[in-house]
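So the sequences go chain by chain: A and B. Quick note: the first sequence uses this note's numbering, first residue 2, plus one each step. Quick note: the second sequence uses this note's numbering, first residue 2, plus one each step.
Quick caveat, the hints were computed from the structure, so don't treat them as lab data. Note that the Cβ used here is the ideal one computed from N, Cα and C, for glycine as well. Please note: incorrect hints may appear among the correct ones.
Unchecked claim - Partial list, derived from the structure: chain A residues whose beta carbon lies under 7 Å from chain B:
(1) D22
(2) L55
(3) A70
(4) S78
(5) V84
(6) E88
To be verified - Calculated lysine-lysine pairs in the DSS-like style (CA-CA distance at most 27 Å, straight line):
(7) A:K136 / B:K166
(8) A:K17 / B:K23
(9) A:K133 / B:K166
(10) A:K72 / B:K4
(11) A:K136 / B:K23
(12) B:K4 / A:K136
(13) A:K118 / A:K72
(14) B:K4 / B:K87
(15) A:K17 / B:K4
(16) A:K72 / B:K87
(17) A:K72 / A:K133
(18) A:K184 / B:K166
(19) A:K142 / B:K23
(20) A:K118 / A:K136
(21) B:K166 / B:K261
(22) A:K142 / B:K87
(23) B:K23 / A:K72
(24) B:K166 / A:K142
(25) B:K87 / A:K133
(26) A:K142 / A:K114
(27) A:K184 / A:K136
(28) B:K23 / B:K87
(29) B:K4 / B:K261
(30) B:K166 / A:K118
(31) A:K225 / A:K114
(32) B:K4 / A:K114
(33) B:K261 / A:K118
What the hints assert, rightly or not - Just a sample of chain A residues kept apart from chain B, beta carbon distances all over 10 Å, derived:
(34) L54
(35) A82
(36) E85
(37) L93
(38) E97
(39) L105
(40) G110
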Amino acid sequence: MSEPIVIENLTKYYNKFLALDNLSLRVVANENVGLLGPNGAGKSTTLKILCGLLRASSGTAYIDGASVAEKPEQALSRIGAIVETPEFYPFLTPEETLGYLGRLRGMRGDELKRRIKEVIQLVRLEDWGTVKIEKFSRGMKQRLGLAQALLHDPPVLILDEPALGLDPRGVVEFREIIEGAGKEKTIFFASHQLVEVTQICNQVAIIDHGRLLAYDSIAALEKKYQSLERAYLELTEAPLD
Amino acid sequence: MTKLEKLRIVAGYEFLKHIRRKRLYVILGLTLLAELLVLILVPVLGDGYPDNVKVMAAVLSMGPSLATIGAIFFAGDAIAGEFENKTGYILFTNPVGRMTLVVGKYLACYAAVILLVILGYVIVSISLLVIYGSIPIETLSSFGLCLLYAGSVLSVTFFFSSISKGAMGATVITLVFIMVISGIVDSVLTMTGQPHWFMLSTNGDTIATVYGGYELFMGGFGGGGERMPFEFETPDIGLSVLSMVIYLVVGFVSSIWISKRRQLA
């Protein structure tokens, strides 16, 4: 079985602060894996290394067999990502922005136009496609962020708190879109929302202080700790040696 | 997909950004205002327009020179802005190298500045034709030097943008470096009789001095080349070109090198 995301002994220091401590993790194809952990646990750092935004101090991250550090363009061609709250050039419209990003990924002509229309409809921004992004709220930018992540129909989605800033209806719509996408894609998904994770993911990795504390199916963790919430609380509260 | 195709896409969309931004039109307005002020104030404050067309051409070259400063405002946020505004979280997760992105941004900024410089020289040429009925051949050299100066200013700005946390900081540092520090050091070197061909402010002067040097300029306005407390040596065009090429290449290459290593935490 293929493993589109492989993290091997990742360590990351921010000056003297150890953000990731020898983290290793493998995500099997078409699995939806939630990355859980308290603030500062190393979730965003892990995702940023996978997306080529940060360099690991040591260790390697692979996307579909390509090292993100050594072959970034090959690795990044396989992913769609939302990292933090997405920000866009305010002078461009969603159609122009998606046109730019789609072309950078080799999409062209009618195929690109059709796909832009599809993803704009999917995230419910059809009335805003030709409006400059400077007029957009945070939630609308989040929707556009999801549209750009899905635009090129990538096999791997890397999502960092994708529902942040959305209203309750937006959260539900987002979840439905990601759930739908997750049926045929591999999703690696960082969140603080346990409910959201249980609805989208079938596996969770719990990390704290940059270390992997548990990586198992939600069902197995619920069986062992009675609930995912208890598993999270017990594991992340335990003092580290 | 080749790197060249990606470069074309990046440059195209970056240029579109410049077209959409107000700062392009503000700098265009300032360039036109500078030309207008020269055309109005020279005959009003002096005894009509100077007899020598080259003197007026040199003074009018102030407009396009001002346009090159636009490079600082276009490029200040080119790299720093991706980190400060967090647009890099979207752009950098695409399969395009940082080098392609920086080169594309550079080309787009340069294209915007070239547009302004061309407009500036069109106005210079029309004005000279209307007033004198001729355009000095040196205008071509002035135009070339102006483009080279714009490129060197752009590279210096890209360098500061690549090391700065914020776009405003990069813009201010570049302005201070070019307008203040370079100017002060240039003056000190001039006063003490030291070579100053390597100063960017000296290099910028060649856009006007290519028409005939400081003597022609002072004499053309009735100064008669009156003796100054120290000698103003007209900058050597060849050395200035060499200096600007060095600024252009070193600034550009170092901005690429730094950008490739910069992380988005």
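Quick rundown of the hints versus the structure:
With its C-beta approaching chain B no nearer than about 17 Å, D22 of chain A sits outside the 7 Å limit, and its interface hint is violated. A cut of 7 Å between beta carbons decides the hint on L55 of chain A: the least distance to chain B is about 5 Å, and the hint holds. Contact between A70 of chain A and chain B, as hinted, is not supported at the beta carbon level, the nearest pair being about 12 Å apart and thus beyond 7 Å. The interface hint given for S78 of chain A holds, since its Cβ lies 4 Å from the closest Cβ of chain B, which is under the 7 Å cut-off.
Because the smallest distance between the Cβ of V84 of chain A and any Cβ of chain B comes to about 5 Å, under 7 Å, the interface hint for this residue holds. A hinted interface residue such as E88 of chain A counts as satisfied when its beta carbon comes closer than 7 Å to some beta carbon of chain B; here the least separation is about 4 Å, so the hint holds. A C-alpha spacing of about 25 Å is found between K136 of chain A and K166 of chain B, which places the hinted pair at or below 27 Å, so the restraint holds. Our distance criterion of 27 Å between C-alpha atoms is broken by K17 of chain A and K23 of chain B, whose separation comes to about 43 Å.
A C-alpha spacing of about 26 Å is found between K133 of chain A and K166 of chain B, which places the hinted pair at or below 27 Å, so the restraint holds. Distance check on the hinted pair: K72 of chain A and K4 of chain B sit about 14 Å apart at the alpha-carbon level, within 27 Å; holds. A hinted pair counts as satisfied when its Cα atoms are at most 27 Å apart, and K136 of chain A with K23 of chain B qualifies at roughly 16 Å. Pair hint K4 of chain B plus K136 of chain A does not hold up; C-alpha atoms about 33 Å apart against a cutoff of 27 Å.
A C-alpha spacing of about 31 Å is found between K118 of chain A and K72 of chain A, which places the hinted pair above 27 Å, so the restraint is violated. A distance of roughly 24 Å separates the Cα atoms of K4 of chain B and K87 of chain B; the hinted pair therefore holds under the 27 Å criterion. Between the alpha carbons of K17 of chain A and K4 of chain B the distance comes to roughly 37 Å, so the proposed pair goes past 27 Å and is violated. Among the hinted pairs, K72 of chain A with K87 of chain B is consistent with the structure: their alpha-carbon atoms are about 23 Å apart, no more than 27 Å.
Using a Cα cut-off of 27 Å, the hinted pair K72 of chain A and K133 of chain A is violated, with the two alpha carbons roughly 34 Å apart. The hinted pair formed by K184 of chain A and K166 of chain B fails the criterion: a straight-line CA distance of about 41 Å is larger than 27 Å. A threshold of 27 Å between alpha carbons decides the hint, and for K142 of chain A with K23 of chain B the separation of about 23 Å falls inside it, so the pair holds. With a C-alpha separation of about 20 Å, the suggested pairing of K118 of chain A with K136 of chain A holds against the 27 Å cut-off.
The hinted pair formed by K166 of chain B and K261 of chain B meets the criterion: a straight-line CA distance of about 15 Å does not exceed 27 Å. Taking the CA atoms of K142 of chain A and K87 of chain B, the gap is near 12 Å; set against the 27 Å cutoff, the hint holds. A hinted pair counts as satisfied when its Cα atoms are at most 27 Å apart, and K23 of chain B with K72 of chain A does not qualify at roughly 38 Å. Using a Cα cut-off of 27 Å, the hinted pair K166 of chain B and K142 of chain A holds, with the two alpha carbons roughly 23 Å apart.
Under the criterion of a C-alpha separation no larger than 27 Å, the hint pairing K87 of chain B with K133 of chain A is consistent with the structure, at around 18 Å. At most 27 Å may separate the alpha-carbon atoms for a hinted pair to count; K142 of chain A and K114 of chain A meet this at roughly 20 Å. Our distance criterion of 27 Å between C-alpha atoms is broken by K184 of chain A and K136 of chain A, whose separation comes to about 34 Å. Distance check on the hinted pair: K23 of chain B and K87 of chain B sit about 21 Å apart at the alpha-carbon level, within 27 Å; holds.
The suggested pairing of K4 of chain B with K261 of chain B holds, with an alpha-carbon distance near 15 Å, which does not exceed 27 Å. Taken as a hint, the K166 of chain B and K118 of chain A pair is broken in the structure, with Cα atoms around 36 Å apart against an allowance of 27 Å. For the hint linking K225 of chain A to K114 of chain A, the alpha-carbon distance of about 49 Å lies beyond 27 Å, and the restraint is violated. Among the hinted pairs, K4 of chain B with K114 of chain A is consistent with the structure: their alpha-carbon atoms are about 23 Å apart, no more than 27 Å.
Using a Cα cut-off of 27 Å, the hinted pair K261 of chain B and K118 of chain A is violated, with the two alpha carbons roughly 34 Å apart. With a least CB separation of 4 Å from chain B, L54 of chain A falls inside the 10 Å interface cut-off, contrary to its annotation. With a cut of 10 Å on Cβ distances, A82 of chain A falls inside the contact zone with chain B, its closest approach being about 4 Å. The Cβ of E85 of chain A sits about 6 Å from the closest Cβ of chain B, inside the 10 Å cut-off, so the non-interface label is violated.
Residue placement check: L93 of chain A does not keep its beta carbon more than 10 Å from all beta carbons of chain B (closest about 7 Å). Residue placement check: E97 of chain A does not keep its beta carbon more than 10 Å from all beta carbons of chain B (closest about 7 Å). A cut-off of 10 Å between C-beta atoms contradicts the statement that L105 of chain A is not in contact with chain B; the least separation is 5 Å. Every C-beta of chain B lies more than 10 Å from that of G110 of chain A, the closest at about 14 Å, which supports listing it as non-interface.
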